[in-house]
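Engineer: Chain residues, written in single-letter form:
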Amino acid sequence: MMAVLRGILALGFALALWQSVVWASGVPGFILPGPWRVAQSLWGNMAMLTEHARFTALNLLTGLSAGVALGVITALNLALSPGARMLLRPLLIFAQAMPVFALAPVITLWLGYGAPSKIVMVALVVYFPVTSAFFDGLMRLPPAYQDMAALLRATPLRRLFLLQVPHALPALASGLRLAVVYAPFAVVIGEWVGSSRGLGYLMLMANGRGQTDLMFAALMMLAALSLTLFSFFEAAVRRFSIQP
Amino acid sequence: MNAPALSLRGDLFMGDAPLIRDLALEMPAGGWSCLLGPSGVGKSTLGRLVAGLAGTQRLAGALAASDGVPLAGRVAMMAQEGQLLPWAGLVHNVTIGAHLRGERADAARARQLLADVGLAGMEGRRPASLSGGQRQRVVLARTLMEDCPVVVLDEPFSALDAATRLMMQDLAEKLLKGRTVILITHDPLEALRLADRAWLLGPEGAEALALPDASPPRSYAHPATLDMQARLLARLQAVEPA
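First to last, the protein sequences are chains Y and L. Letter by letter, the first sequence follows residues 1 to 244 in the numbering used here. Letter by letter, the second sequence follows residues 245 to 486 in the numbering used here.
The shape of chain Y in the complex, shown without the other chains (with noise of 0.2 angstroms):
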């Protein structure tokens, strides 16, 4: 209850901070709307802001659901396999450096203005952190339990799925919670690139007819997808007690 009262009283700051700096600096209101005006587009425009939500959610999800199974999967082989290890880890690193978001013109070339690509681009943004965070605690499992796997004679198997899959669920969770970060990003930059619907499109579209106001309220969608995202996740991991 506490909670909700706070979180309330730290919006309402927030919003008559925005409200008057639009008042102080005499702005238009096509370069900086109030909080009133984005209301009133965000609730004239619901239909509208609801459609490009879904294909935006749609995306994001579906892109998200595949980066995190790829990840997972490649982890647990790279576990099982020094040859995989030898392998995909230096590749895995230079993937690491390399900023997967300035793949998105090549990625929406490969494969168009539609779907495919957003999905491609959030699933290959969440791959990365998913696979590296889960495969390092896989590996990290303490001394203590490889002796006591090596004398009860553990198969590998066994040993991945009863001892190093349960202790690498905190560093896995740590994995997922940047994946959930970075998704809402890859998946409105895939869109700036090049998109007929989403968030991200109406974000651009908006902006450049100077519908300003329209363009916060997508932004607003766009926020509220990300943090319905991160506290579904957030109850996820408290739900089955993991801790990061």
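Treat the hints as calculated values from the structure; they're not laboratory data. Just so it is clear, the structure is predicted and the values come from calculations on it, not from any experiment. It is possible that some hints are incorrect.
Unchecked claim - Some chain Y residues well away from chain L (every beta-carbon gap over 10 angstroms; in silico): (1) L17; (2) W18; (3) S20; (4) A69; (5) I73; (6) T228; (7) R238.
Stated by the list, open to error - Output of the computed footprint for chain Y on chain L, the stretches with three or more beta carbons under 8 angstroms from beta carbons of chain Y: (8) 321-327; (9) 333-344.
Ideal Cβ positions, reconstructed from N, Cα and C, are used throughout, including at glycine.
Dock chain L against the given chain Y, drawing on the hints supplied.
Structural biologist: Chain L alone, transformed into the frame defined by chain Y:
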């Protein structure tokens, strides 16, 4: 159970650095051999050697069982931190060996062993809700579940309070009967209470210790035990690790 006697002879190295020279340990079949020494002398390294665990330890000499069969797969180990799985119940923790090998886990026997170590009715608990002594009871049950003829105990009770430690010593002595036990400890009283044979370890080798006449578990209050404890404590203070 046909527990073999163990013979360990030679020089113990950690990498290229010598730890203990001229070891000549004849550990009796089905009895308790105690390796006593201060921290850093190489006791645990010796335990890892017997258990066949990975590491840089190396024996220039020979470690052999009296029955001529290799030790691999016949040694169970219990350490100070029992490495219980915090996310699993007690029965799963006791049967983890079978799970890790992909064998069928005998839950009924695990329950029996948990009862033997005094944890009947607590099978559904998680390790976090147990006291330190209770956790080591679970580890003892797990060690018994493996049913190995040779058991290495690497300071299994040193994190427990004094009274609990004495209780656990009695319990372990009772339940590990018939197995060849190697107890690694820095506690002279523990060695004096439980050992059939005991050695004081130092860089220059292992010195066989005289033990009280009574059979283990010996009373901690007996004057002979107390007198030997006092003398051993003085000796331990004088040992310098290599």
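Engineer: Y:L17 clear of chain L by more than 10 angstroms, beta carbon to beta carbon?
Structural biologist: About 46 angstroms separates Y:L17 from the closest Cβ of chain L, which puts it past 10 angstroms; holds.
Engineer: Just double-check Y:A69 for me: nearest Cβ-Cβ distance to chain L has to come out over 10 angstroms.
Structural biologist: holds, 23 angstroms
Engineer: Count residues of the stretch 321-327 of chain L with a Cβ under 8 angstroms from any Cβ of chain Y, then say if the count reaches three.
Structural biologist: holds (count 4)
Engineer: Could you check that no beta carbon of chain L comes within 10 angstroms of the beta carbon of Y:W18?
Structural biologist: holds, 47 angstroms
Engineer: Test the statement that Y:R238 is away from the interface with chain L: the closest C-beta pair must be farther apart than 10 angstroms.
Structural biologist: Label holds. Min Cβ-Cβ 16 angstroms, cutoff 10 angstroms.
Engineer: Is the nearest CB of chain L more than 10 angstroms from the CB of Y:I73?
Structural biologist: holds, 22 angstroms
Engineer: Going by Cβ atoms, does Y:T228 stay more than 10 angstroms from chain L at every point?
Structural biologist: The assertion about Y:T228 holds, with a minimum of 29 angstroms to chain L.
Engineer: Taking 10 angstroms as the cut and beta carbons as the points, is Y:S20 off the interface with chain L?
Structural biologist: holds, 52 angstroms
Engineer: State whether the coverage of the stretch 333-344 of chain L by chain Y holds or is violated, taking the criterion as 3 or more residues with Cβ-Cβ distances under 8 angstroms.
Structural biologist: holds (count 4)
Against the hints set out earlier in the document, no violation occurs for any number.
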